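Chemist: One letter stands for each residue in the lines below.
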Amino acid sequence: MNERQDWALEVEDLTVAYADKPVLWDIDLQVPEGVKMAIIGPNGAGKSTLVKAAMGLVKPVAGEVRIFGRSRERAEGQIAYVPQRATLSWDFPTDVIDVVTMGTYGRVGWFRRCGSAEKEEAMAALEQVGMTDFARRPIAALSGGQQQRVLLARALVQDAPIYILDEPFQGVDAPTERAIIEVLDELADIGKTIIVVHHDLQTITEYFNAVLLLNVRAIDSGLVEEVFTEENLRLTFGGRVGVLAASGAGGL
Amino acid sequence: MNPELQIVLIAVVTAVAAALPGTYLVLRRTALVSDAISHAILPGIVVAFFLTHDLNSPLLLVAAAATGVLTVFLIESLLRSRLVPEDASIGLVFPALFSIGVILISRYAGDVHLDTDSVLLGELALAPFDQMVIGGAELGPRALWTMGTILLLNLLLIGLAWKELKLATIDPGLAALLGFSPVAIHYSLMAMVSITAVGAFDAVGSILVVALMIAPPATAYLVVDRFAPMLWVGAAVAATSAILGYALAFALDVSIAGSMAAACGILFTVALLVAPRRGLVAQARRRSSQRLELGVRMLLVHLLHHQETESEAEECQVPSLHRHLRWSEARTRQVVREAEARELVSRAGDLLYATSEGGSLADVAVVGESE
Amino acid sequence: MDLFGDYTLRLVALGSAVLGATSGALGSFAYLRRQSLLGDAVSHAALPGIVLAFMLTGSKAPLVLMLGAGLAGWIGTLAVQVVVRRSRVPYDSALGIVLAVFFGVGLVLLTHIQKLPNAAQAGLESFLFGQAASLLRRDVVTMAVLGAAALVILLLLWKEFKVLSFDPDFAAGLGLPVRRLDGVLTLLLVVAIIIGLQTVGVVLMSAMIVAPGAAARQWSRRLAPMVAMAAAIGIFSGVTGSIFSSYLPRLPTGPTIVLVLSAIFVISLFMAPHRGLLWRSLRFGVLRTAPDLDPVLMHLYALSHQHPDDPEHGHSVAVIRTMSPPEAKVDAALERLADRGLAQRTAVGGWAPTPIGRREAQRILDREAGEGS
Chain V
6 MNERQDWALE
16 VEDLTVAYAD
26 KPVLWDIDLQ
36 VPEGVKMAII
46 GPNGAGKSTL
56 VKAAMGLVKP
66 VAGEVRIFGR
76 SRERAEGQIA
86 YVPQRATLSW
96 DFPTDVIDVV
106 TMGTYGRVGW
116 FRRCGSAEKE
126 EAMAALEQVG
136 MTDFARRPIA
146 ALSGGQQQRV
156 LLARALVQDA
166 PIYILDEPFQ
176 GVDAPTERAI
186 IEVLDELADI
196 GKTIIVVHHD
206 LQTITEYFNA
216 VLLLNVRAID
226 SGLVEEVFTE
236 ENLRLTFGGR
246 VGVLAASGAG
256 GL
Chain L
47 MNPELQIVLI
57 AVVTAVAAAL
67 PGTYLVLRRT
77 ALVSDAISHA
87 ILPGIVVAFF
97 LTHDLNSPLL
107 LVAAAATGVL
117 TVFLIESLLR
127 SRLVPEDASI
137 GLVFPALFSI
147 GVILISRYAG
157 DVHLDTDSVL
167 LGELALAPFD
177 QMVIGGAELG
187 PRALWTMGTI
197 LLLNLLLIGL
207 AWKELKLATI
217 DPGLAALLGF
227 SPVAIHYSLM
237 AMVSITAVGA
247 FDAVGSILVV
257 ALMIAPPATA
267 YLVVDRFAPM
277 LWVGAAVAAT
287 SAILGYALAF
297 ALDVSIAGSM
307 AAACGILFTV
317 ALLVAPRRGL
327 VAQARRRSSQ
337 RLELGVRMLL
347 VHLLHHQETE
357 SEAEECQVPS
367 LHRHLRWSEA
377 RTRQVVREAE
387 ARELVSRAGD
397 LLYATSEGGS
407 LADVAVVGES
417 E
Chain A
30 MDLFGDYTLR
40 LVALGSAVLG
50 ATSGALGSFA
60 YLRRQSLLGD
70 AVSHAALPGI
80 VLAFMLTGSK
90 APLVLMLGAG
100 LAGWIGTLAV
110 QVVVRRSRVP
120 YDSALGIVLA
130 VFFGVGLVLL
140 THIQKLPNAA
150 QAGLESFLFG
160 QAASLLRRDV
170 VTMAVLGAAA
180 LVILLLLWKE
190 FKVLSFDPDF
200 AAGLGLPVRR
210 LDGVLTLLLV
220 VAIIIGLQTV
230 GVVLMSAMIV
240 APGAAARQWS
250 RRLAPMVAMA
260 AAIGIFSGVT
270 GSIFSSYLPR
280 LPTGPTIVLV
290 LSAIFVISLF
300 MAPHRGLLWR
310 SLRFGVLRTA
320 PDLDPVLMHL
330 YALSHQHPDD
340 PEHGHSVAVI
350 RTMSPPEAKV
360 DAALERLADR
370 GLAQRTAVGG
380 WAPTPIGRRE
390 AQRILDREAG
400 EGS
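Chains as they are written, first to last, in the numbering used here: chain V, 6 to 257; chain L, 47 to 417; chain A, 30 to 402.
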């Protein structure tokens with residue numbers, strides 16, 4: 006069958022190597038619109054690399070990423086990205102509302118300033134994550150959970166169809182985690198596609214309806230109830246995964 | 047001793063004396079402290095000069111060492127305040143001190159030969175005219191005596207504190223644990239740098255000091271793997287730069303200090319290009335053979351992945367292979383040829399299959415990388 | 030007193046003001062991106078460019094020389110990138126090598142042309158050491174035009190540069206051409222540097238880049254005020270330094286400007302609100318004389334130790350009240366601590382110390398225990 010259904014995100018035969026050492030091998034993945042998918046795997050499995058390849062931040066040595074059927078280069082503004090908190094310099098002189106407004110820069114365009122419309126959108130996003138009181142707070146004074154919420158608000162403001170979050174629950178307190186999950190649920194309800202690099206296996210079934218198990222190879226992907234099995238977990242986290250042992254079937 | 051030989055000797059001794067402490071600076075990632083110190087010690091020299099009125103007094107060396115240590119102390123204080131990052135701390139302290147030095151000279155010593163030009167640039171060619179005279183006998187250029195002594199002092203310090211300096215450089219945490227005071231080691235290293243810098247001012251100027259402290263050790267860093275060889279190779283490269291630089295300056299009739307710095311750059315660039323294993327040429331060669339190897343493995347993994355599945359006919363077909371892997375047709379052909387030559391794949395009609403050797407190679411490839 | 034009656038002084042002050050504005054503004058970005066010492070390397074690397082430009086064109090027109098300087102400085106930054114990306118030589122060593130080697134090559138060229146019968150090459154050295162007194166009108170005009178152009182580009186691309194400096198990955202995700210933006214910003218920094226070489230010289234240029242931004246950072250919490258203040262500090266130092274240097278004998282302009290700048294920086298370090306060192310010790314003083322704040326902070330800190338994995342775990346006001354003497358006004362104290370950024374409300378209505386608050390509490394503990402930390 007040759008029909009090309011428009012998956013929200015489609016990865017085909019993707020291989021990424023750093024200094025000729027492969028960190029992602031021949032990844033196939035189809036993510037339909039509207040799912041909440043977790044990407045799990047041990048350290049060094051290439052989870053962040055897969056995300057960066059989807060964002061176009063790293064170049065693959067083979068394979069392709071397609072967003073809604075279009076190639077990565079022509080899919081600008083389709084993905085709202087929430088990077089790992091630790092990668093940012095939080096002592097930058099700026100406040101919360103300023104950071105959130107950065108999410109509108111792609112829309113505002115070159116050479117123009119952000120106006121009151123953008124500020125309003127930023128405040129609305131802050132309201133969704135419960136941080137309106139902190140709008141003028143310098144980001145250096147934020148706690149970990151507050152930082153995460155600010156980054157999420159920045160992504161919300163982009164109003165993109167796809168959200169990719171890299172370890173958003175790392176080092177945040179329980180109330181923040183709950184708040185974030187609520188926002189993600191709301192987004193999924195209105196048809197957004199959510200992809201999260203996740204580290205806590207206990208919460209997979211509760212938070213997500215789809216999962217990709219990754220360890221340099223795509224071990225399996227699909228609905229949580231079908232694919233999140235002990236066998237697959239053993240294959241993913243157990244260390245050695247031979248080519249022939251992995252089923253590698255993608256899609257839902 | 048003819049003047050040329052004197053100059054070359056001074057140059058070589060200076061170069062080696064500088065490269066030794068420079069090795070530690072490069073490894074500790076504080077290379078630019080050499081730039082900072084060699085400029086910031088100016089006020090110290092000036093004050094010492096005011097006290098002694100003698101450009102050749104050893105007090106100048108002491109004052110320089112003290113100012114160098116003060117410079118480092120100020121930088122560290124800024125760092126400790128947590129209000130300024132490290133690179134900015136360096137860039138704030140030394141210009142202020144240098145400015146104080148320049149102003150002192152300009153206001154109070156304008157008529158004496160203490161010239162900012164020579165501080166920056168030095169004039170090695172004049173060195174033979176400044177002989178060390180003891181008891182009426184000319185014993186060689188003073189610069190040679192000064193730098194020679196400094197070289198010996200540096201060697202002495204390195205020899206005496208060999209394991210402390212080495213450990214503090216390579217593993218500061220462990221050094222602190224073992225009781226080697228990192229502060230003492232740090233400051234004695236800085237004192238060494240300061241003394242070397244001021245000793246070299248007269249002859250080669252502060253910029254060349256920076257070149258000699260950083261470039262030869264960095265060159266050695268590209269070529270050797272262990273610490274002691276890095277010191278000796280660095281010293282050798284420094285000496286070679288000195289000789290090469292002097293030869294260039296002699297041939298082209300230009301600044302000796304500048305030529306020596308340029309020679310440091312030439313040697314560094316050569317190492318950058320042709321160092322075994324680390325050089326750019328070696329990297330490029332490795333990359334192209336690795337790319338082919340990687341391509342073969344990727345082909346095998348792709349074939350194994352898709353053969354005996356529904357998409358086999360589509361994915362393993364030779365003509366359409368390049369589309370799936372997103373390679374150019376030329377590259378696909380090259381990889382397939384290599385794989386066939388090594389009997390890792392076999393053809394059946396239009397389809398490509400991995401042989402059993404190919405299968406085990408793919409297995410090893412993935413298992414090996416995913417650890 | 031007609032301060033600016035003197036024509037030379039007017040020129041020098043104007044040139045220094047232009048220098049101060051551009052290096053302050055663009056240096057702020059270098060400061061934030063941890064590229065403070067790149068300025069030092071670029072200014073040294075510019076020398077061969079200046080000499081070559083003269084050798085190739087025979088002209089000492091400021092634009093020609095500055096173009097040569099800029100090109101050489103730009104190539105220097107590329108060389109640093111190549112070394113850092115393709116070898117294991119660390120960044121600071123790469124800067125040092127480029128700095129010293131390029132400068133050495135420049136020296137070679139300089140001494141080469143000094144031998145030539147043509148005496149026109151005199152004055153190239155003013156680029157090395159900064160002889161502000163030798164500034165001509167055309168020099169200042171060139172500086173002003175280049176500086177204005179650089180600032181205009183900075184303003185046009187303001188938000189792009191801001192997001193690039195703060196979060197380059199996110200910027201790439203927005204679709205911004207990160208590599209090219211980075212190149213443009215570095216180029217603007219190179220322009221700012223070559224504008225200043227004639228006035229303050231190679232060695233001191235580093236301070237012109239770093240100090241205004243470093244000083245301004247102490248006072249401001251957002252980017253636009255910081256950059257504006259840095260430019261203002263730069264202008265002020267430039268003009269004041271020029272005036273001092275003109276009216277006091279034998280005071281060279283470049284070093285005077287740098288000393289004024291350094292003094293402003295030191296004052297900022299001590300006096301700035303919320304961050305400054307004097308403020309910190311004053312705050313301790315205020316806290317000590319306001320016995321209701323110190324203990325509340327310490328209670329919060331002690332409570333936070335019960336949940337080391339969950340720094341945001343709040344404790345209710347009631348708990349803190351039980352730990353405090355009955356007459357203590359705990360609610361007000363918590364509000365004042367929050368104002369100073371030492372405490373924060375948690376999501377469930379409790380209170381917890383902020384990271385800054387934890388640091389301050391630890392400092393109080395360390396001081397009371399009698400040892401520094």
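These aren't lab readings, by the way, just hints derived from the structure by calculation. Honestly, I wouldn't trust all of these hints.
As the list claims (entries may be wrong) - For the chain A half of the interface with chain V, some residues (derived, Cβ under 10 Å), not all of them: (1) L185; (2) R246; (3) Y276; (4) S345.
On a predicted model such as this, the values are computed, not experimentally measured, just so you know. All C-beta atoms in this analysis are idealised placements derived from N, C-alpha and C, irrespective of residue type, glycine included.
Chemist: Check the structure against each numbered hint from earlier and tell me which ones fail, lowest number first.
Modeler: 3 and 4
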